[in-house]
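Fit chain B to the given chain A structure using the hints.
Number of protein chains: 2
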Amino acid sequence: MAKSISFARGAPSLDIIDVDGLRDAAARAFANDPAGVTAYGTSVGYPPLRDWIAERHQVDPKQVLVTNGSLQADAFLFDVLVEPGDSVIVERPTYDRTLLSLRGRGADVRMVELEPDGIDVAAVERVLAAGARPKLAHIIPNFQNPAGYTLSSAKRERLLELARGHEFTVFEDDPYVALRFEGAPLATMLSMDGEQVVYASSFSKTVCPGIRVGYLIGPAELIARVAKVATNTYISPSMVAQAIVLEFCRSGALERSIETVKAALRERAEALSQALRRELPDARFVEPEGGYFVWIDLPRGTDVGALFVAAAERDVHFVKGADFVLEGAESSLRLAYSGVTPAEIEEGVAGLAEAYHALAPGAPRAALAQRP
Amino acid sequence: MAKSISFARGAPSLDIIDVDGLRDAAARAFANDPAGVTAYGTSVGYPPLRDWIAERHQVDPKQVLVTNGSLQADAFLFDVLVEPGDSVIVERPTYDRTLLSLRGRGADVRMVELEPDGIDVAAVERVLAAGARPKLAHIIPNFQNPAGYTLSSAKRERLLELARGHEFTVFEDDPYVALRFEGAPLATMLSMDGEQVVYASSFSKTVCPGIRVGYLIGPAELIARVAKVATNTYISPSMVAQAIVLEFCRSGALERSIETVKAALRERAEALSQALRRELPDARFVEPEGGYFVWIDLPRGTDVGALFVAAAERDVHFVKGADFVLEGAESSLRLAYSGVTPAEIEEGVAGLAEAYHALAPGAPRAALAQRP
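Protein chains in written order, with my numbering: chain A, -3 to 368; chain B, -3 to 368.
Isolated chain A (complex conformation) (with noise of 0.2 angstroms):
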C-alpha cells in the first residue's frame, strides 16, 4: 500500500478546517480586544466567548466555563465530584480516555450495554435497583464515541427520570452535537433539566483540534466550585484560544465551517458503508447519521487483537473495540472516517478487508450492499 491510511483518530482532516478564517478572527481578536486578550484573563475563561456560549446554550453566563479542550473540562469536574469508591456509571463502550481518567481517580466504573438508540436504560434501572448510588452517569448522547450511536429522545427522558428519582448527576459529553448530516437534532438533556445535567462540549469538531477550546455547564454553585481547581491548576486557559473562537464564531465562519465538515463527514461515511458492505460483507454496524465514528462487530470469534496486526501489516489502522471497554469486545473495532478521503476510506477497507480475509480465509468476499 503506497501510503499509511488512518481510521484511527477521531480528528478533521486538514482540508475541512477553514484555516483562513482563523487567520482573520487572530486579527481581529488582537484588533477588536488587546488588553482582554493578552491579560492572564480568569479561569473560568475569555468572558466574551463565555457569554457567547451561555447565549447558545440559554443559560446565565455563570453556569459556563471555557476550558483548554473539553478533556481538561471532564478531568475538573471529575476531580470536584468523584471520590475514590464513588460509583459511576458509563456507557459500554465508551470513549477510552474517560474510563481512565475515571480509573485513575478510583472510581467504581458500571458500564452498561450501548445500544443503537442509546444506553440501555432499563440496565440502568436494574443496576440502580441493585443498590447502586452513582454520583454520576457519563453520557455521550450524540454519534457516540466509539459507537457512532446517537440517544433517543424518550430514552434521553427516562435517564432525567431516574437522575431525579436517585440524585445521580448526568454528565452530558457532546462534543459532537453540530455534526449531524441525517435526520432530526434532539433537544439536549440539559435543556431538559438544567438541575441534573452537567453538559460539556467542544469547538474542537467544528472550528479546529489545535485550538484548544472545550466548555462545561452545569448548576452556578458546581461551576464556582470547578473554577476555583481550574485557578489553582492553571490560572485561566488561553485568551489568545478563546478569543480567537469568539471571532471566528461571530463572523459567520462557525456556521460555514460546520456546513463544510458535515458536508464532508456525509460523503466519508457513504464511502465507508459502501465499501465495507462490497468488501467486508461480514462487517455489521449501523450506519451513522453525523460525527465521526462507525462501530464494526465481526462474526464472534474474529481475532480483532490478530487482525490489528495483519491490517498495520497494509498500512492501514483502527482501534480495537477492546480498549473501550473494561473487559470484552474482541470481535469489534472503531472505525473513524473524520479524517479520511472517500478515495482513502476505498483503499483503507479494500487493504482491512484483505487482512481480514487473511486470517478467515472462508469468510464471504463480497456481497450485494445490505444494511444491517
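Derived by calculation from the structure, the hints in this document are not laboratory data. On a predicted model such as this, the values are computed, not experimentally measured, just so you know. You may find that some hints are simply not true.
No copy labels: a pair is met if it fits in one copy or bridges any two.
[Unchecked claim] List of simulated lysine-lysine pairs, DSBU-like, C-alpha gap at most 30 angstroms:
no.: 1; residue 1: Lys151; residue 2: Lys224
no.: 2; residue 1: Lys(-1); residue 2: Lys58
no.: 3; residue 1: Lys131; residue 2: Lys224
no.: 4; residue 1: Lys316; residue 2: Lys131
no.: 5; residue 1: Lys131; residue 2: Lys(-1)
no.: 6; residue 1: Lys224; residue 2: Lys(-1)
no.: 7; residue 1: Lys258; residue 2: Lys151
no.: 8; residue 1: Lys316; residue 2: Lys224
no.: 9; residue 1: Lys(-1); residue 2: Lys258
no.: 10; residue 1: Lys(-1); residue 2: Lys316
no.: 11; residue 1: Lys151; residue 2: Lys(-1)
no.: 12; residue 1: Lys131; residue 2: Lys258
no.: 13; residue 1: Lys224; residue 2: Lys58
no.: 14; residue 1: Lys224; residue 2: Lys258
no.: 15; residue 1: Lys316; residue 2: Lys258
no.: 16; residue 1: Lys58; residue 2: Lys151
no.: 17; residue 1: Lys151; residue 2: Lys316
The following block gives chain B in isolation, referenced to the frame of chain A:
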C-alpha cells in the same frame, strides 16, 4: 483617589505588550504550518517550539514539555513526584499558588527562610541533618515572587551539592529570568547540573500572560512520565497559542519585547524605590535588580491586615505578606510594580503612606533618600 491603583497582581501593563507583533506572529503561524497548528498535536507541546526552547537551554528536545502556562507545569510535576506526606522544601516566603498546590497534595511543606541572596542554605542543611528526606526543593532563583530576591551563585552551587548528597530534586522555577535590568545574569542551576534539576519557565512575562505558554525541562525519563499525565488531562495544550509564541520568538519580536519590558520595569522599580524612601521611610526593602516585585518589611507590630483595609479604602491594593507563608509575616507586604506606570506608582505610594500614617500616627512621615 481618582482611580484604583493595584500593586497586587504580578502582571504587565498593556503598554509594554507587543500586540502588533503577536497579531503578525499569528498570521505567520497559520500560513507557515496550517496542519501542525490546527491538529491535536501532542502533550509535549508544539514540536517546533519545543525544539526552540531546547536549543535555547542547550538540552535535548526530549527533555522539554510545553504547557498551558508554567503553573500547569508545576501541577503536572507535583502529580508525578509528590505523594501525600512527602516532604518538600520551599522558600519562606514563597509564591502562594505553589504553597496551595503542595498543601492540596498533602505534602509536608518545610519552609526555609529566604535571605536577600536567596534561600538560607545553612538552614536547609540543618533541616537535612535533622533527618528530613525531601523529594523536592522548590526554588524561584531570580527576582523571587514575592520577595524580589535573587539566589547567589555560591548558594546555587551549595544547593546542588546538597541535592546530590541527599538525593532530592531542585525544582528551579524561573519565570523572571529574562527580566534582569541591573547587574550580571547568573547561570541557571539547570545548566550547572542537568540530572538534579527540573526547570520551569514561561512566556507570560516576555510575550504576554494571556497566551498561556510555559514549559518544563528535566531528565527525559521524568518528562515522559509528565507527558503521560498531560495527555490524560488535556490531550495537548493549544497548538495555536504555542505556534504564535514560536513565530514571535523566531522573528526577533521576543528580544525586542524583552528590551521594552526591562526598560519599563527598571523605570518602575526606580520610581517605586524613590517614592517609598520619600513617603514611607519606615519601609525596609531591597531594591530589585529585575522582575516584578518588592517585599516590604514594616516595623514589627505593624498590622498589615489593617493596612490592607485602610489602603483599599484609598483604592490602593497589594498582597499581604502573610499570604506567602504558613504563619507569620504579619508586618510585611508584596508590592508588584509590573502593571503600574511611574505616575501611578507615585500616587499609589502616597495613598499607601497615608493609610500607614493613619494607623501609626507617630511614624516618621518623610525622609531623605536612604538605602536599607
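Status of each hint after checking the structure:
no.: 1; hint: Lys151 x Lys224; result: neither (34 angstroms within a copy, 36 angstroms between copies)
no.: 2; hint: Lys(-1) x Lys58; result: between (48 angstroms within a copy, 28 angstroms between copies)
no.: 3; hint: Lys131 x Lys224; result: both (20 angstroms within a copy, 27 angstroms between copies)
no.: 4; hint: Lys316 x Lys131; result: within (29 angstroms within a copy, 40 angstroms between copies)
no.: 5; hint: Lys131 x Lys(-1); result: neither (46 angstroms within a copy, 48 angstroms between copies)
no.: 6; hint: Lys224 x Lys(-1); result: between (47 angstroms within a copy, 29 angstroms between copies)
no.: 7; hint: Lys258 x Lys151; result: within (25 angstroms within a copy, 61 angstroms between copies)
no.: 8; hint: Lys316 x Lys224; result: between (37 angstroms within a copy, 21 angstroms between copies)
no.: 9; hint: Lys(-1) x Lys258; result: within (26 angstroms within a copy, 51 angstroms between copies)
no.: 10; hint: Lys(-1) x Lys316; result: within (21 angstroms within a copy, 62 angstroms between copies)
no.: 11; hint: Lys151 x Lys(-1); result: neither (43 angstroms within a copy, 56 angstroms between copies)
no.: 12; hint: Lys131 x Lys258; result: neither (35 angstroms within a copy, 51 angstroms between copies)
no.: 13; hint: Lys224 x Lys58; result: within (13 angstroms within a copy, 32 angstroms between copies)
no.: 14; hint: Lys224 x Lys258; result: neither (37 angstroms within a copy, 33 angstroms between copies)
no.: 15; hint: Lys316 x Lys258; result: within (26 angstroms within a copy, 54 angstroms between copies)
no.: 16; hint: Lys58 x Lys151; result: within (29 angstroms within a copy, 48 angstroms between copies)
no.: 17; hint: Lys151 x Lys316; result: within (28 angstroms within a copy, 54 angstroms between copies)
The earlier numbered hints that this structure contradicts are 1, 5, 11, 12, 14.
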